[in-house]
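K.L.:
Chain residues, written in single-letter form:
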Amino acid sequence: MEKHQSLLVIFLILAGLIASIFLHIYRSSLITYGAEGMYNPTRKRYFFFLILASVAVILMSVTIPDSPYFMFADKQPSKVVFVAAKQFSFILSNQAIDPKKGGAGENIEIPVGELVEFRVSSLDVTHGFAIYDDKSNLVAQTQAMPGYINKLRWKFNTPGTYNILCLEFCGVAHAFMRASFTVK
Amino acid sequence: MENKSLKRVTSIWIITILVLFVASILLGIIMRFNQGTKINLAPATFYAYMTTHGLTMVGIWVVAGMAAVHYLLTRYVKVPLSINIFAMLFTVIGVVLLWAATLVGHFHAAWTFLYPLPFYTAWEAWATPVFLLGIGVLGIGWFVWAVGMLVSILKNYSLSQAFAWQHFKKDNGIETPPFILIATVSLIGVIVCLLTAVLLLILYFAEYFSKGSFTNDPLLMKNLTYFFGHTIINEALYLGLATLYELLPEISGRPRFKTTWYVALAWNCTLVFVLTAFFHHLYMDFVQPEGFQMIGQIASYLASLPSATVTAFSVVILIYNNSIKWSLANILFFIGVMGWLIGGMGAVIDATISNNFILHNTLWVPAHFHTYNAMGNVLFSLAFFWWAANEFTNTHNDRRERFKTILLLVGGFGFVLMFYIGGALSIPRRYSVYPEEFTSAAMLATAGAWFACIYLLGIVLMLIDIVKKCTRVFSSSSV
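Line by line, the protein sequences are chains A and B.
Be aware that the first sequence starts at 1275, since it is given in the numbering used here, and climbs by one per residue.
Be aware that the second sequence starts at 108, since it is given in the numbering used here, and climbs by one per residue.
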């Protein structure tokens, strides 16, 4: 199962748990009609808060090192791809792109299993730069912002054609803004 | 007389908000049917609707919270009615300007109007300044209202009392009601984010009038946009929670909530964390300093923890194994807390940087914010509306309105589930139509639209009951 789907399963389990607890609480207020103040779990409240706080701290310490800013930070990329987004296309090039001239870009081939660095910017408004595999799973992304270069490092272990979609609303043809590259 | 006028003004707010809510839901349903290829809108029309939908929804639930807090605040302090009427006037003007910009001028830069998109006009040239002016007018109205209410609180409570700091001591003197504490925290948040909006608008207008000699920094503008946008919608939720703390025990026939040291601590912490959680909107901007990204995740986790834990436990203690006088009002509060917590789970998952890397700007985003809004905050405000409509007309109504509740539950959770599944399938958000490789996207959109129709039916049935009662407030014999 992909990570995306695992997150959905985790979410649905948690949502189901919350809904079950609320249903149980609601029912308890119907069954014991007439009873007063039978439940005051002040100690449990601290206990519960401590558990949640501990879970939050553990989750943070486990997940933060997996942030994209730290991935492959100590490695040297074997290939650099320059990306300039503009309404409503992507320019991909093996050479640096002149922001004043833009250009048509070129076909990009990325060697499988090698570390690649995408240097992503925009020539007009803010765009998204999202890489999708051939099963339409979102693999990696960064934003394409005018005046800034976001560096996204990734290693493609599966050969094939990867699509690039814009994931930041950029105007009327936002849904049609796309490009692709090959990994082999 | 003052009370009668306040009831009338509050009734106007309630009716206006509900009518605008129905109109905005309809726009949302049209968008989902378009994504489901059941209808065929021009992309520019779709995005104009999307901009209108987002703006209107954010706006009405902010003013719903403000109107409810104003009404209930008069139980504790004297609040000038003039600020309420001033805000209403400015809200009407602001909404007219915004709707003119989007629906007449075809402005469609989304409610976030992310810099520099508003200057890349694919719409009438006048629509951009009118849109920005509309935001400014709304901001002025709400700012005056929020400051007015905060000043009213501070006339009766010192600042430390309003923050309930005396509850950290053993001998704490007078008690700060939870409602006052949460209203203070929320109003300060509203004021801070509206001041940020002012700065944002000044920078926009400076560039607009400079005719190219001055340009803004996109990263700074993005930080300002999300500080304003993220915070205002969260403060709307907290205003709704203030209402819950005040009314839920009362409607349920249970003792009032009390402020304890941990309630005080939780809401003081919430103020700090909610103002720094907005950084999570910029996780995918790798040029943002990494320290801010870490703060974003830590604050996102911590912003939800104290207020949610304290509120959830307070509600559990109030209801569990106790005899409760259930009516639609407290049922809505109860379901709203559940929806808020479930949406909060979705939000925390997305606010984890390593998850955001594959969820950012997919349908997971509308999934979680629709959950804690449509099934959380909206229900808090609807609970207030239902309670107020009965209160204003001295009507005793303890019906549970099971049919309406079921419509909201099935329609609301079904609607957001389609978004969550879409998010897990990496389907992008804000697409007028989906690329063909997302084979289930159109089907999910259509199913979502139908679920939204069910939710809408529940809302319309409530609207009919509430509006009927609220209009009675204007007849001379009532109130």
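FYI, nobody ran anything at the bench for these hints, they're computed from the structure.
Note that the structure is a prediction, hence the values are computed from the model and not measured.
Heads up, a few of these hints could be off.
Restricting the straight-line Cα-Cα distance to at most 25 angstroms, the calculated cross-link-like pairs of lysine to any residue (SDA-like) are [what the hints assert, rightly or not]:
id: 1; chain 1: A; residue 1: K1425; chain 2: B; residue 2: L327
id: 2; chain 1: A; residue 1: K1353; chain 2: A; residue 2: T1435
id: 3; chain 1: A; residue 1: K1277; chain 2: B; residue 2: L327
id: 4; chain 1: A; residue 1: K1360; chain 2: B; residue 2: F476
K.L.:
Now tell me if each hint is right for this structure.
P.N.:
Each hint, compared with the structure:
no.: 1; hint: A:K1425 with B:L327; in the structure: holds, 19 angstroms
no.: 2; hint: A:K1353 with A:T1435; in the structure: holds, 17 angstroms
no.: 3; hint: A:K1277 with B:L327; in the structure: violated, 32 angstroms
no.: 4; hint: A:K1360 with B:F476; in the structure: violated, 29 angstroms
Of the numbered hints listed earlier, those contradicted by the structure are 3, 4.
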